[in-house]
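Chains as they are written, first to last, in this note's numbering: chain A, 1 to 344; chain B, 1 to 344; chain C, 1 to 344; chain D, 1 to 344.
Accuracy of the hints is not assured; some may be wrong.
No copy labels: a pair is met if it fits in one copy or bridges any two.
To be verified - Cut-off 27 Å, straight-line C-alpha distance, at most; resulting in silico cross-link-like pairs (DSSO-like, lysine-lysine): (1) K153 with K6; (2) K6 with K75; (3) K170 with K75; (4) K325 with K70; (5) K6 with K119; (6) K7 with K325; (7) K7 with K170; (8) K70 with K7; (9) K195 with K70.
Keep in mind that the hints were calculated from the coordinates and are not lab data. None of these values were measured; they are calculated from a predicted model.
Listed here are the chains, written in short residue letters.
Number of protein chains: 4
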Amino acid sequence: MIVILKKTAERQQVELFENWLRSMGLELHKSVGENHTIIGLVGDTSRVDMESILALDIVETVKRIQEPYKNANRKFHEEDTVITLANGAQIGGGRFLVMAGPCSVETEEQIISVAQSVKAAGAQVLRGGAFKPRTSPYAFQGLHEEGIRLLLKAREATGLPIVTEIMDAKHLPLFEDIDMIQVGARNMQNFELLKELGKLRKPVLIKRGMANTLQELLMSAEYVMAGGNEQVILCERGIRTFETATRNTMDLSVIPVLHQLTHLPVVVDPSHATGRWELVAPMALAATASGADGLMIEVHNDPEHALCDGPQSLRPDRFAGMMEKVWAIQPYADRSFSSAVAFS
Amino acid sequence: MIVILKKTAERQQVELFENWLRSMGLELHKSVGENHTIIGLVGDTSRVDMESILALDIVETVKRIQEPYKNANRKFHEEDTVITLANGAQIGGGRFLVMAGPCSVETEEQIISVAQSVKAAGAQVLRGGAFKPRTSPYAFQGLHEEGIRLLLKAREATGLPIVTEIMDAKHLPLFEDIDMIQVGARNMQNFELLKELGKLRKPVLIKRGMANTLQELLMSAEYVMAGGNEQVILCERGIRTFETATRNTMDLSVIPVLHQLTHLPVVVDPSHATGRWELVAPMALAATASGADGLMIEVHNDPEHALCDGPQSLRPDRFAGMMEKVWAIQPYADRSFSSAVAFS
Amino acid sequence: MIVILKKTAERQQVELFENWLRSMGLELHKSVGENHTIIGLVGDTSRVDMESILALDIVETVKRIQEPYKNANRKFHEEDTVITLANGAQIGGGRFLVMAGPCSVETEEQIISVAQSVKAAGAQVLRGGAFKPRTSPYAFQGLHEEGIRLLLKAREATGLPIVTEIMDAKHLPLFEDIDMIQVGARNMQNFELLKELGKLRKPVLIKRGMANTLQELLMSAEYVMAGGNEQVILCERGIRTFETATRNTMDLSVIPVLHQLTHLPVVVDPSHATGRWELVAPMALAATASGADGLMIEVHNDPEHALCDGPQSLRPDRFAGMMEKVWAIQPYADRSFSSAVAFS
Amino acid sequence: MIVILKKTAERQQVELFENWLRSMGLELHKSVGENHTIIGLVGDTSRVDMESILALDIVETVKRIQEPYKNANRKFHEEDTVITLANGAQIGGGRFLVMAGPCSVETEEQIISVAQSVKAAGAQVLRGGAFKPRTSPYAFQGLHEEGIRLLLKAREATGLPIVTEIMDAKHLPLFEDIDMIQVGARNMQNFELLKELGKLRKPVLIKRGMANTLQELLMSAEYVMAGGNEQVILCERGIRTFETATRNTMDLSVIPVLHQLTHLPVVVDPSHATGRWELVAPMALAATASGADGLMIEVHNDPEHALCDGPQSLRPDRFAGMMEKVWAIQPYADRSFSSAVAFS
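Isolated chain A, as found in the complex (with noise of 0.2 Å):
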């Protein structure tokens, strides 16, 4: 961490705030110039809080070097994790995991038809939502327990993990059987889900906020290894930008630079990234050139009747072809961010 003071800073002041800092067991570093002066602070600063630094009335900035999350930090854990679901599927590490099935869970002739069709192209995770977050009360908001029962239905018959949204805390007992538990990007930052989740020890997958930084999502995770459920995986579902062609703006370049940052697996969703369907598949191939970890794709056997989100999801066919040219494009991906090339 490095501390500039004001010019103006008067040095009684100054060597108050210095004997702080070297009680919090900080070694200073010094150099005054003509117009300010800069400390650097060696040591343990991740319990240094830059904003009551900042405060201060003879601090002109404050500038952290060293990241504000550990758990999750590339620099102290350099190999990738590699999680490793039920059906022996994994994803990390060079590892790719294809996710698919519908927006909503709906009936079981749908859950399982859906199945069986992602399955027969190739994916080895089933998704499919029990509890949606809509954005009007007067929406369909999901099945509920009876969702989630219908998709442990379609575990059953096809033999495919399960991973669905969580909303809130209160539900988790209902997740007991599901084997990955997803965080929706509006509750990205739902602290106190995610503090609940932190004690569990089960595949946790957290979407990005709509307005959410990387150092952001990070953080997140770290609320959730910081309980000591270290199997989590960050997904990338599209920003808020002032572009309206597309639902939301897809940030590809979050793979190579969370793969840079973080041992942690990353994966995308195209299919509410862009909210068209006729976009995912060429979403997905550029996911899967720029190293991603695996993909998350909507896939309905009847997208014209689908109770949610009907226009961004794939017919099966439609799937199955894309899967064809993910598995061609795939072993052509850079991954020189991965542990296996960058760090052994």
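Mind docking chains B, C and D on chain A? Use the hints.
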């Protein structure tokens, strides 16, 4: 609602679609152009799901004319909502309410001392955080129950009603004696929490999320109002943009725009929006001049040692100086959208 | 075009308005609802000014159905535009073009050496800046005439056609022998410059401005095409968002979206979009997979001493490594919107 | 400037780097930490190119402490710049200037009539467009020379000085008699144009680009000032964000922030920022209260038939009503950053 059909839409499909629309009790008005067919839907379209229609192959685009919110809509409720607190202070319809206090409750002395200062300067409500949403799991997260207890002590000492933030519905029992419950920006779309707050009959202040549109803010108000709780206050606290000179970009045009769209009171929090105390007074005055119904301001008797958000807190004397200007400007504020002016 | 009238619109005003619309040769289709009257305008609405209509007191909102661009519109020109350069290289309709070279031309040795390297790695066009738009008046602004001269020398030495940026129409005489003229992001809406480029009959590459929508990009292409110059290439180079982990946010979904809207070729510049050389290869591969028609890449033989934009330049060996993967991925790219697939 | 070296930097490379920095006349202050080495550079760093340093393999990050602008910097020029026009009207240092008039000059009657109205309501400068930047090549682009001629006629008739927009330096001869030259948002980084305006000795009003930071705005002012023209006025007119309820998002916190960073006057254009006339008055009052040095307002005697931007133009009577409130509020505006308050 207007639906525009593709040039290539086949007659049979169009007929099926039209029958389906009529079955929902809607009247259809059709214009056949060279390149497009336009269908205007007349009737109650609030239950028609735009997404489902957009998913149809024959549909090019859909446009909603009627807003998807009803309880919060000025069109169906012309009079400004006026909310009255225990001490008789009011907000809405020309009554201006100032809420002030520290970011976090720290000690009994601190909260009572700040409460007395802000009351003396004219604030009618005491704000203070007991549950603090913090990006980092390692940062101070508030005093929780103890914080609530200290807030109630400060109310006892000064008579000021209390507004404080809730982070999870499971904490609701602790908020029983609190006068106004705040939903933070990160929880604006925590729909499970909003539903619970809809069951109460006390004022709820909802902060706009950093990437949320005004329509989404109104839909979140609608979640609370749909439960029967009509005492909702909307709060602008800055949005995320590319500009980094301030923490967030305070979007003041929301004040007249919201006054046009809704009858609910609108307040502004310039402390969180700007993140810098020197900008709080100019932005508070600006908000007042543009017709805001109130302000929420961070005041701390010792910002240099505040446990959080010190750099954005005003000292009591500066707050008092600002308040004098607020009272001078408020009578000249633009109120062209208030019910008194616009509708009576 | 659809016009929605206010509930309060008086009959007489509405009639005057309708007559005015009919006087422009438009056919009117009217639907009278309980709360709104909808008028559908049929005919050539490209000359109807939406703003004028929106200014009318009786109008609530206006929506354009037809795009405001014609020459660039896929609807009126189904076949992909294919552009052929002096060396026979082509772009568009499935032909993939790679443009590479240094940010700035510095010396004869530098530009010839880089040109030879990028040619050896498979680039078909040499890029290099002679006029450099720099945020600071005190920064290196390019070699100007001398830079153009050196680029032409490099063309002589390697046979590679040249693309370079123009900053003001008054410099056009210097660009007479240049093969492709680039309009930078900051000049995307320098309409006087675009009009002058419309008088030429040589390829113009237009970079999307950092805050410009796709429709605005297409309107800028329309400025050039309206002058009779149909050889326009569109280039995505990142937009401004709240995320600061990369210089700009590269918006790759523009590739399929633009292919749907226009027949013009679309390329991507990952060097400027990300600002960091380590991200160039993953983003170039992603762009290729998503169906881009080409790439523009910064390559420098000595990035550590480059006069500008060093951090984003690849070394020739890294560029060559990246190109091998580009050629492996390109055949599997999504081309569902190209004319061959979509329209024949 | 602070340079942070990587942990892996080799000693020999570091020494070479340090010698190079010293050769530029800089003094070095070094702090060696466990994970990083920090070098503080003392001396004139305005010629040191951050990008070149960042390109070095041994460098992790660089931070500029001193701003890259000098002429526009409050630190080197504490007194507010005050600009005086031909009619004696002034702006800056507490003098408030109102510029008003139509979007486009249309006819002699129109421009003289509007000029008389805005003068009567207290405006001291007439604005009006002769050259109009339009997104579409098919839209009305202004009366050009004829427009300039009519503006000068209106000046003759009313005594009001004229401000009007330039789009290309080649038109400069036509602007010889114009009192203040406006650079539009789309040309804020048309550096060739800015350099030409630096050669003049008359006021230049620069509008902030829709995606430009305050630092970039100040660098554009620096381009003009570096040429010797010190009469620069900065203008906020809204930035691009995800919110679509208003045309752009007006960023009012720029007023106090710019007053802190620079001595140049700052004005606001609420007409273009919001795009809707009903929002102009509230936003103009807000800007006034926050300490703006002036306003630029669109006024039209017949907005329903304006050739451009009708929906955002005020009628003269509404403008007059707004001006009364502006004068009432202005004495209470926050001026804490003006030279009189902050530095004397």
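Here is what the structure says about each hint:
In this assembly of identical chains, K153 and K6 lie within 27 Å of each other by CA distance neither inside one copy nor across copies; the values are 65 Å within and 39 Å between. For a Cα distance limit of 27 Å, the shortest separation of K6 from K75 across copies, 12 Å, qualifies, whereas the shortest one inside one copy, 33 Å, does not. Taking the shortest alpha-carbon separations for K170 and K75, neither the intra-copy value of 35 Å nor the inter-copy value of 37 Å comes in at or below 27 Å. Taking identical chains as interchangeable, the C-alpha atoms of K325 and K70 are never at most 27 Å apart, the minima being 37 Å within one chain and 34 Å between chains.
When the C-alpha separation of K6 and K119 is checked against a cutoff of 27 Å, the pair qualifies neither within a copy, at 62 Å, nor between copies, at 34 Å. When the C-alpha separation of K7 and K325 is checked against a cutoff of 27 Å, the pair qualifies neither within a copy, at 60 Å, nor between copies, at 31 Å. Taking CA atoms no more than 27 Å apart as the test, K7 paired with K170 passes in neither setting, with 53 Å inside one copy and 46 Å between copies. When the C-alpha separation of K70 and K7 is checked against a cutoff of 27 Å, the pair qualifies only between copies, where the shortest distance is 17 Å, while the shortest distance within a copy is 34 Å.
Within a single copy, K195 and K70 get their C-alpha atoms as close as 16 Å, which meets the 27 Å cut-off; across copies the closest is 36 Å, which misses it.
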